[in-house]
Amino acid sequence: MTNPNNATISTVHTAEFTSGHALQIPTLRILQDDGSLYPGAEAPELDKATALKMYDSMQFIRILDERMLAAQRQGRISFYMQCLGEEAATVGSAAALDDKDMIMAQYREQGALRYRGFSLEQFMNQLFSNEKDLGKGRQMPVHYGSKDIYYMTISSPLGTQIPQASGYAYAQKLRGLKNTTICYFGEGAASEGDFHAGLNMAAVHKAPVIFFCRNNGYAISTPANEQFKGDGIACRGVGYGIKAIRVDGADILAVYKATQMARDYALEHEEPILIESIAYRLGAHSSSDDPSGYRSKEEEELWRKNDPISRFRLWLVKQGWLDEEADKAKSDALRQEILDALKVAEKVAKPGIEHLMSDVYETPIPLLNEQLEELKAHIRKYPEAYPVTAGRFE
Amino acid sequence: MAKMNMLQAINNALDLAMAKDDGVVCFGEDVGHFGGVFRATSKLQEKYGKARCFNTPLTEQGIAGFANGMAAQGMKPVAEIQFADYIFPAFDQIVNETAKFRYRSGNEFNVGGLVFRTPYGGGIAGGHYHSQSPEAYFAHTPGLKIVVPRDPSQAKGLLLAAINCPDPVIFFEPKKLYRASVGEVSEDYYEIPLGKAEVLQQGKDVTVLAWGAQMEIIQKAVDMAQAEGISCEVIDLRSIQPWDVDTVAQSVMKTGRLVINHEAPLTGGFAAEIASTIQKKCFLHLESPIERVCGLDIPYPLALEKEYVPDHLKTYEAIKRSVNF
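Just so you know, the sequences run in chain order A and B. The numbering of the first sequence is full-length UniProt numbering, which starts it at 1 and goes up by one. The numbering of the second sequence is full-length UniProt numbering, which starts it at 1 and goes up by one.
What the hints contain is simulated information worked out from the structure, not anything from laboratory work. Because the structure is a prediction, the values reported are computed rather than measured. Every residue gets a Cβ at the ideal spot worked out from N, C-alpha and C, and that includes glycine. There's no promise every hint is true.
Cross-link-like lysine to any residue pairs, in silico, SDA-like; alpha carbons within 25 Å at most [stated by the list, open to error]: (1) K243/A to A51/B; (2) K254/B to K280/B; (3) K147/A to E228/B; (4) K50/B to Y240/A; (5) K100/A to G112/B; (6) K306/B to R179/B; (7) K347/A to K20/B; (8) K343/A to A390/A; (9) K178/A to A51/B; (10) K376/A to K254/B; (11) K376/A to D246/B; (12) K229/A to P157/A; (13) K280/B to M357/A; (14) K347/A to R73/A; (15) K100/A to G23/B; (16) K320/B to R179/B; (17) K47/B to K229/A.
On the chain B side, residues computed to face chain A include the following (Cβ under 8 Å) [unchecked claim]: (18) G32; (19) H33; (20) G35; (21) Q73; (22) M75; (23) D92; (24) E97; (25) Y103; (26) N164; (27) P242; (28) A249.
Reference listing, derived: stretches of chain B covered by chain A, where coverage requires no fewer than 3 residues with Cβ under 8 Å from a Cβ of chain A [unchecked claim]: (29) 7-21; (30) 109-122; (31) 266-274.
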């Protein structure tokens with residue numbers, strides 16, 4: 001019998017609903033708070049160098065976030081977003097990928113970016129939108145991107161990267177590349193139409209993309225229970241015919257294991273995978289947000305105990321791979337390095353006026369050249385009103 | 001040369017582009033085996049396989065997002081939006097993503113090579129949702145190129161140029177002309193440069209300007225005016241963004257008068273942009289106010305479509321008003 005509806009028809013003769021909560025997906029946990037493994041759990045294959053690189057990336061981001069939020073409070077940068085509490089989710093997943101797998105992030109995945117090798121100077125140049133910023137000072141702080149390390153430039157609109165990741169991965173497949181694309185987004189962004197569009201397109205066209213949902217409990221102030229009614233986000237994958245797994249996002253071994261499996265499966269079967277990471281956005285949404293208006297200190301404290309970094313640190317110590325004293329000295333040194341880099345980056349000039357018009361098109365259209373000349377003439381007339389560019393062009 | 005209608009010319013262009021570059025991939029709703037509801041992609045799946053010419057789920061934002069991703073990877077997606085009236089679910093992907101991809105990344109990434117093909121315009125008894133001309137919405141977004149061909153040979157050359165363009169292009173196809181417009185088309189690969197208007201007829205009294213399906217409308221009006229001794233210069237703008245200011249301005253400096261015709265509603269239509277620029281560039285040469293002959297400021301109607309459209313008679317009247325001012 002043909003099946004034009006693409007739906008299994010098994011017949012019943014009494015009317016009965018299938019529950020909206022019929023599918024409940026368990027959470028993979030490998031690492032306990034004390035740094036030991038859950039009974040029966042097995043650590044993923046992970047060598048010492050990789051494990052330490054993961055740890056370093058988490059520490060780097062934790063300290064960078066702390067310093068840069070302070071810098072924002074001092075008025076040195078205009079805006080900042082921390083990934084406090086989600087370091088394991090972003091670093092653990094990035095570590096399970098190949099260096100040439102494309103990363104399409106939302107905005108809170110600096111852990112993945114650092115793991116890929118984005119340098120402290122590059123972070124600073126972007127945050128200060130100076131002339132050394134790869135993005136030429138055009139986007140707000142934290143909108144990082146780098147072609148060299150396969151990290152797609154962030155855009156603020158939520159969820160737009162989801163169908164793009166499907167298309168990017170489909171292109172990788174057509175090109176015969178043995179690479180995948182990972183696409184990060186939050187549980188709030190999963191309410192956008194682009195989520196549905198992107199997952200459905202990937203499933204239908206068999207794109208080897210890993211959808212990585214960071215369910216961190218909040219979309220700015222809106223808690224997840226006001227965002228959706230189903231069992232998290234993972235079960236939605238099943239609705240699209242996509243394999244799904246839920247992991248404890250503060251458990252870096254679980255995140256690493258799930259992403260490793262997802263990558264292998266996606267490439268071998270040319271299919272998308274959905275990973276849902278359950279963690280907590282310990283910090284504010286951004287430097288412009290104050291969570292005290294919508295959640296309690298008690299709730300935050302409860303999750304603070306679930307710290308992804310200390311859990312991994314304890315595991316590393318148990319492996320005999322980390323010396324706690326040396327680690328502390330390293331963190332102190334890093335704080336200083338960050339401060340020094342910040343002082344350098346904030347003194348670097350802003351991009352030149354020609355970068356207002358470059359890159360709108362590959363070659364500026366005549367109108368843009370005309371507007372640039374008019375603008376320059378105007379600035380020459382009122383240089384004091386335009387101190388960033390005045391005197392810096394012919 | 002071969003006789004082709006506009007659909008055949010578009011199909012031929014896609015065929016040549018896919019043969020030339022295996023990064024060219026065509027997709028959209030019903031685009032695969034069926035060849036699109038208008039048959040623009042007819043036989044392409046048969047020839048190039050399902051991976052390079054395929055149906056998508058019914059999701060314009062998905063199509064646009066998928067196309068953005070493919071183009072960012074370096075391929076050349078030619079995505080069909082079945083009707084321009086249905087491009088709006090993709091508006092965010094096009095306006096916030098496609099258009100800004102290169103700029104926002106400081107040229108780390110771009111979506112050059114991406115073309116959205118979409119049938120636009122009325123004259124097919126399509127009512128509100130199969131008749132609109134939404135070019136002005138996109139013209140307001142820096143980073144996009146917008147092209148509208150008037151006949152089969154133009155459609156082929158402009159589409160090939162769009163696919164080969166390092167910037168993303170929205171290619172509006174006048175669906176009224178898909179089968180109605182037939183002409184001689186070279187079977188070879190050729191491109192017509194984007195951003196260049198074409199002067200189709202020299203004249204000295206008034207410049208009459210349009211694009212796409214409205215070209216045959218203004219030609220009819222011009223023929224009526226010529227019979228009364230009014231010498232008209234006829235220009236096909238061809239590209240809405242970037243638009244060829246110099247060609248239009250030179251013409252108006254010669255004729256002193258300008259009549260612009262487009263099917264989209266008057267208010268905020270692209271004629272307003274042209275009129276504003278030309279009055280500044282040609283102020284001392286103008287002999288009369290610039291006339292705009294456009295759609296009414298209402299949703300595109302059905303039963304009273306003839307009353308709505310900026311037809312040859314309305315254009316003819318505008319030409320006379322301009323000349324007799």
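For each hint, the structure was consulted:
1. K243/A to A51/B: holds, 22 Å
2. K254/B to K280/B: holds, 15 Å
3. K147/A to E228/B: Roughly 62 Å separates the two Cα atoms, so the pair is violated.
4. K50/B to Y240/A: This hinted pair holds, its Cα atoms lying about 21 Å apart.
5. K100/A to G112/B: At roughly 21 Å apart (the allowed maximum being 25 Å), G112/B and K100/A satisfy the hint.
6. K306/B to R179/B: holds, 20 Å
7. K347/A to K20/B: With a Cα-Cα distance of about 50 Å, the restraint between K347/A and K20/B is violated, given a limit of 25 Å.
8. K343/A to A390/A: Holds, because 23 Å separates the two Cα atoms, which is no more than 25 Å.
9. K178/A to A51/B: Holds: K178/A and A51/B sit about 17 Å apart, inside 25 Å.
10. K376/A to K254/B: violated, 31 Å
11. K376/A to D246/B: holds, 22 Å
12. K229/A to P157/A: Holds, because 23 Å separates the two Cα atoms, which is no more than 25 Å.
13. K280/B to M357/A: With a Cα-Cα distance of about 23 Å, the restraint between K280/B and M357/A holds, given a limit of 25 Å.
14. K347/A to R73/A: holds, 18 Å
15. K100/A to G23/B: holds, 20 Å
16. K320/B to R179/B: violated, 32 Å
17. K47/B to K229/A: Violated: K47/B and K229/A sit about 46 Å apart, past 25 Å.
18. G32: violated, 11 Å
19. H33: violated, 15 Å
20. G35: violated, 19 Å
21. Q73: holds, 4 Å
22. M75: holds, 5 Å
23. D92: With Cβ-Cβ at 6 Å, under 8 Å, it holds.
24. E97: holds, 5 Å
25. Y103: holds, 5 Å
26. N164: violated, 12 Å
27. P242: Hint holds; P242/B Cβ to chain A Cβ min 4 Å, cut 8 Å.
28. A249: Not OK, violated: A249/B not within 8 Å of chain A, min 12 Å.
29. 7-21: Coverage by chain A is violated here, the residue count being 0 at a Cβ distance below 8 Å.
30. 109-122: With 3 residues closer than 8 Å to chain A, the stretch 109-122 of chain B meets the three-residue bar; holds.
31. 266-274: The restraint on the stretch 266-274 of chain B is violated, since only 0 of its residues have a Cβ under 8 Å from chain A and three are required.
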